[in-house]
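Asks: Single-letter residue listing:
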Amino acid sequence: MPVQTFVLNGQQVTVNCQDDLRLLWVLRDILGVHGPKYGCGLDVCKACTSHINGEAFNPCSVPVSDIEPTDEITTIEGLPATVGMDLHPMQQAWLDYDVAQCGYCQPGQIMAAVALVNEVRANGGTITDDDLDAIRNICRCGTYYRIREAISAGASNM
Amino acid sequence: MPHRTSALPLAGGEEPLTRPVTFTRRRFLGYVIAAPTLATAAPLLVESMTRPAAAVVSSPPEPSQIYDLTDMLTDAAAPTSNLITIVVNSDGTASFALPRAEVGQGITTAVAMTIADEMDLSIEQVVITLADARPELVWNQLTGGSNTMHSIFTPVRVAAAIARQQLLQAAAALLGGLPSDFAVSDGVITAPSGATTTYGALASAAASSTTMPVSVELKPDSARTIVGTSQPRIDALDIVTGRKQFAMDLEVPGAMPTMVCRPPTINGIVSSVENIAQVAAMPGVTDVAVVSTGVAVRAATFGQCIDAVDALEVTWGPGTEDGKSDATVLAELKSAELPLASDLPLLASSVEQEFVFYFVSNSPLETNCAIADVRSDSAEIWSSMKSPIVAQQTIAQKLGLSQDQVTCHVVQGGGSFGRHLFFDAALEAAEISQKMGVPVKLMWHRADDFRQGRTHPMCTSRVRASYLSGNVLTFEQRHTSVSTDFTHGLGEIITASLAELPFGDIGFAETVFELSQSVPYNFGVTDQLLAEVDMGFNTGSMRNIYSPDVTTATELIVDQLAGAMGQDPYAFRRAFLNDDRLLAVLDAVAKAGNWGRSMPAQMAQGLGLHGEYKSRAAALVEIDCTAATVNRQITNGYGGPRVTKVVLAVDVGLPINPLNLEAQMMGGIMDGIARALTFSLHIQDGIPLEASWDNTYYTRQWNVPFDLEVIVMPPTSDEPGGAGELGVAPAMAAVACAYARATGTVPTSFPINHNGPLGFEPYPTVPPIPEEPTDGLSHEY
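Protein chains in written order, with the working numbering: chain A, -19 to 138; chain B, 110 to 890.
Please note: incorrect hints may appear among the correct ones.
[As the list claims (entries may be wrong)] With beta-carbon atoms standing in for the labels, derived distance ranges:
{"#": "1", "chain 1": "A", "residue 1": "105", "chain 2": "B", "residue 2": "736", "range": "51 to 61 Å"}
{"#": "2", "chain 1": "B", "residue 1": "745", "chain 2": "A", "residue 2": "49", "range": "26 to 36 Å"}
{"#": "3", "chain 1": "B", "residue 1": "383", "chain 2": "A", "residue 2": "61", "range": "47 to 57 Å"}
No wet-lab data here; the hints were simulated from the structure.
C-beta atoms are modelled at their ideal positions from N, C-alpha and C, and glycine is treated no differently.
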């Protein structure tokens, strides 16, 4: 069985599994990291959104062998450590606006929001309605309006 | 079997079901339970009802205006004198196992607030878990009909008040003085002398070695400090850190990932499997078994399950709806439609329209899933179940076990929207675990959840109203629907309650329709009928059941009546409403939303009203139907008209947590927007074409209003009404009315985009699971 290794939430991890197993199953079923959720397995609902080297991606759609040993994968569990705090400012904004309802999509929403703000910042801009409209993450509870409010607030503290 | 909701069955002008409104403090009976630390209990029985008196003369009250679904669900609890129990722990916390399912609607937070307020604890000192199936509760463990807080508010307060009373008596015995002179804050008791003790310190001393009845007076409303204030969800931190556990996050020893290869038509059956041995030898695969719903595979990872499912070569037998399409179902509905009254009043003019509402999936984001560990003499199930007792009974029957050999753990759900009224995954997981002889962690694929999962049934609604000389004389509605499956325990309640209902023994669906639908306007002779056809689809209740469709049809006709009679839609509603609480929410949105303001071409406002669950809501919507907006390009998605602003006012009687009430309304609004404009399933060749969230268009960020305001009305009752489903109907109706006013065309089929060009290439049905993408790294941002 091939050996797969990468950096997960700051720690080098190694697993034995087939090359084409999607990373989501490596995280959830082998490593027991349950923050990234399954909502479609088609790179559509975005419930599993995590970061690779600081950029948002969906592990349901990446064969584990595509991940390099030095790639840094961050899930919601590792997000606070990226800023050296107990909670990332975006997580705090989610609490301040009481965004969540069932909560199933929210880890993915937060990871998408952080990457979006970073990307907009890197391009020298600030978050606009068009940026928010481009977020594809499904929230079937319909928390979208509070998500928009929280992203704007969280961005100001990032 | 049609039934009419217009009859006035109450003889002699009496209102035998109307009980006096009581705002006075009453004494309630509860219990101290024999236990090592203090445990108190109350029967799940709410005796105080605030049923509205029917005072309108020109339209006789419809049954649902006197005795509605909320009453039935609440009264069903009355003969079940089984107890809910609060335990005071020696660390000072109070624990309560809620016999309901939390699926995002915020009931765990609301119950924690209620207990904390009654006991003078902080919310953090209250620990809420979800109770396993408790068969002794019979039909009183159903989460549905937006009934939880209405049915549980007073029982929880009684148990909490008794706990506080017992603790203060123990404090008085310890410190001297009268319990009534003691002050309590966050579980710290202070005597007049200044001496203090705590609930935690007294938890054992206040305990009883025998179970005994105790009476108690509840706190006056004026003493509340938590109920009625905005509080964040008690699980918010767990959610944002990824720690909140859903069923598929539980680690049950031996329960390995399991999926099912499902048929290419709805409810198709397995004829034969050609390659079981080969699939069983695939990497990671441990078991393959033919079950009643398809072919189950169990493997080390879900990825390997997907590979195995798609490698199976299955010959499928017929399903229950083979060959059916939107068009054939529509024809069935039309042929089953009940006739309108043959004659209109002499000289009257009329407006008439038929509306079509297509199938919609009630799937949450978390797909159907369950863990099952079935042994020869026992079974243990973990799943989000809103009817766990019926689940326990049905699973026991399926497995050949007795009911008490089956344990059903209710896990917090990743949404429900009606889906978890049924326990399809729990039953299937139990069958698979028994067949394989090992524990399983069963998860449905997204494609299966849309194609084989339950739906809101397709239906039509024909409405005709007649008017003369400024009066509306008749209002008739003929609702015709593919059958809605209510056999999840609500059915048991109805069966048990039929004799108590004011209109005799009618079917389940007709009863729910009867109890939930009404026309809140003085429209003369008002007559709403339901007919059902076609039992072969997998259906169920979807958030707000009949009301979004019925209300949308009604409110579109109301706008047409207003137009025909030369009146403004708001002024017309004000003139004809027969319900003061609806009038108040209507006025609130009209004022806050600046009704009647000038709008550019192809943009307009719309209004929608709805009362249900002892609650009332009104929505004012602004929509943008300009070509630039409608035709905006969305990659793998659908833009369409955009609702730019929503103001919704809500009166739930007694709001417990305004912050969460606003959230529930926001969710209802998003559902209403989706149901009006974009969200549906297309049936073709006996199965929905949709298999992904990019196929069926629930609201996405690009559909969200830029401006959204929820107005929580001041209390109008001493009890909470329902909220979870309430926002959908008025929002959907308001969007439809706004669309009609913006475009000049009354929409007659919903969602409005349903009959446009299909916006996606359907995934194949064989193999059932679409191939997992591999290009995820090319979409980074």
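Asks: Indicate, hint by hint, whether the structure satisfies it.
Replies: Now the hints, each set against the structure:
Range check, residue 105 of chain A to residue 736 of chain B: Cβ separation about 28 Å, and the 51 to 61 Å hint is violated. For the pair residue 745 of chain B and residue 49 of chain A, the supplied restraint of 26 to 36 Å holds, since their beta-carbon distance comes to about 33 Å. The given range of 47 to 57 Å is respected by residue 383 of chain B and residue 61 of chain A, whose C-beta atoms sit roughly 50 Å from each other.
Against the hints set out earlier in the document, a violation occurs for number 1 only.
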